[in-house]
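Undergrad: My request is simple: use the sequences and hints to build the entire structure.
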Amino acid sequence: MRRSSCLLLALAPLLIGADKPLLVPDISARKVEIRYSFTGAQLLLFGAIIYPGGRAPNRPSDVVVVLRGPVQPILVREKQKIAGIWMNSDSNRFRSAPSYYSVASSRPITDLVDERTASIYEMGLHNLQLSPGGGALPEKERRFEAGLLDLRRRHGLYAENSSGVEITGGVLYRATIAIPSQVPVGTYTAETFLVDRGKVIAAATRDIQIDKSGFERFVALAARRHEGLYGLAAVAMSLVMGWAAAAFFRRRV
Amino acid sequence: MDIYLPIAGQSVNALFMVVLGFVVGLLSGMFGVGGGFLTTPILIFYGIPPTVAVASATTQITGASVSGVMVHMRRGGVDLKMAGVMIVGGLAGSFVGAGLFRLLQATGRIDVVIGLLYVLILGWIGALMLKDGLIALGYLSRPTMQNPASRHNRWVASLPLRWRFYSSGLYVSPLAPVALGFVAGVLTVLLGIGGGFILVPAMIYLLGMAARVVIGTSLVMILAVSAATTMVHALTTRSVDIVLAALLLVGGVIGAQYGAILATRVKPDLLRLALAVIILLVGARMALGLAWHPDEVYSIEYL
Chain A
1 MRRSSCLLLA LAPLLIGADK PLLVPDISAR KVEIRYSFTG AQLLLFGAII
51 YPGGRAPNRP SDVVVVLRGP VQPILVREKQ KIAGIWMNSD SNRFRSAPSY
101 YSVASSRPIT DLVDERTASI YEMGLHNLQL SPGGGALPEK ERRFEAGLLD
151 LRRRHGLYAE NSSGVEITGG VLYRATIAIP SQVPVGTYTA ETFLVDRGKV
201 IAAATRDIQI DKSGFERFVA LAARRHEGLY GLAAVAMSLV MGWAAAAFFR
251 RRV
Chain B
254 MDIYLPIAGQ SVNALFMVVL GFVVGLLSGM FGVGGGFLTT PILIFYGIPP
304 TVAVASATTQ ITGASVSGVM VHMRRGGVDL KMAGVMIVGG LAGSFVGAGL
354 FRLLQATGRI DVVIGLLYVL ILGWIGALML KDGLIALGYL SRPTMQNPAS
404 RHNRWVASLP LRWRFYSSGL YVSPLAPVAL GFVAGVLTVL LGIGGGFILV
454 PAMIYLLGMA ARVVIGTSLV MILAVSAATT MVHALTTRSV DIVLAALLLV
504 GGVIGAQYGA ILATRVKPDL LRLALAVIIL LVGARMALGL AWHPDEVYSI
554 EYL
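If you read the protein sequences in the order shown, they are chains A and B. Under our numbering, the first residue of the first sequence carries the number 1, and numbering increases by one thereafter. Under our numbering, the first residue of the second sequence carries the number 254, and numbering increases by one thereafter.
I should point out that these hints are in silico values taken from the structure, not numbers from a laboratory. Computed from a prediction, not measured in an experiment: that's the story for all the values here. No false leads were slipped in.
Computed far set for chain B versus chain A, every beta-carbon distance over 10 Å: (1) K334; (2) L381; (3) A527.
Only part of the chain A face toward chain B is listed, based on derived beta-carbon distances under 8 Å: (4) Y36; (5) I85; (6) R224; (7) M237; (8) A246.
Stretches of chain B that chain A covers, calculated by requiring three or more beta carbons in the stretch to come under 8 Å of a beta carbon on chain A: (9) 259-272; (10) 307-316; (11) 354-365; (12) 479-487; (13) 490-500; (14) 504-511; (15) 543-554.
For every residue, glycine included, the Cβ atom is placed at its ideal position computed from N, Cα and C.
TA: Next comes the structure, spelled out in structure tokens:
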């Protein structure tokens, strides 16, 4: 009895005095299963904006939706022409590059927030905190960062859509985000930001699990945990298939 | 029809992979080459990660050579003693190759080394075969006999410990085929090729083996070394994609059958000329790849 009244007291400012709007996000799928026919997926990120008093203000706020994959340390190599041959010559390390990053917003991000806010919340490809390492010159780091962003953008792993969020009646929002088939597995986070007058006034996150399932999961695990047996299986498969074809053709020809 | 590859971590067109396997299998059965020198670059061009492409192409080479070996065995076109000697060298070569691969990978120079090796080897072997094929078919005049064409390379003949290889019609030191096998083994791991297109000309020109047993013997050697290399990849890089290998194999084993049948209907000299042209074309494409502005200046390596 006492405890619940304490809880109520603690929540009171949120429930009664709430002068800040609240975001209630959801995703069309909490779990994405990669099966043999997986060619990528479309995720619908949607939700409601609950304004204090239950009414949307005259001047509607904007919504930014960010979907990001697990962070990986990577090494980016750059080819240069040396003695007439293109070869890897320089490299730069990034300690925290997201394996997947997609941002959608109701208006271009540069119109919504200033640079500082954008980099705090990592809104937009150019505001990612990639943690370049190795004490390289800033000019070199920028060049490698541009190369990395361009490469991953063309592979569909990084995306930016400045009109990807649709807001209905000022209270319902929706965004469709595509993930390509070559995304790595892991826990993805979907972040939703409500932006008003250059400030983030509400934020909410949801997790999405992307994992291989069924036969694909079995194969991936076998290759990792029982590498000897897996190798033998691959060799046996090739021997049997080669033998079967030869036996079949011998009868026919 | 798209299919997801669990190890490569992306989806590919299944039909494309089966057709690719078929074409490579056809070449494998016809010329006694593994066909990896075509599969690996095409898979990489398709967007498969290079390590997965190399490892899975090796698995496909095993399958394509099985059916080829069986066809040639039936015709008595295999010198098992010679093959055994070369396999010993080949296994040693594949282990050394694995070490080299890791060393080059760490410095980021693996792709330029692969490219240069391809260009040098393909250019040299292709030119040699082309010239010989043209002479045999009478398009080029035979160079004036400096000395009566000796079937045996003088350097090979000077090696000690000679053995008799009856099927090949040879009396040479086993050190020569061991060395040949070793080179082929290194190349199998390093370049993802069976080494057949090096073995076949070397067996003809360096060892002077009877042409009848060259293709079958090189296929037996490729079979053993590619199977061993698949195991090495499964244990170390863990990048053998069994689904990709299966797709390539379906086309590959059938293609190898047709290839072996075709090989008996076409004039051997013409066959050699055709292989020379294919080898030179791949070599030229590789050379252009080194000099042209690459599609991707940046590449990503996971730490």
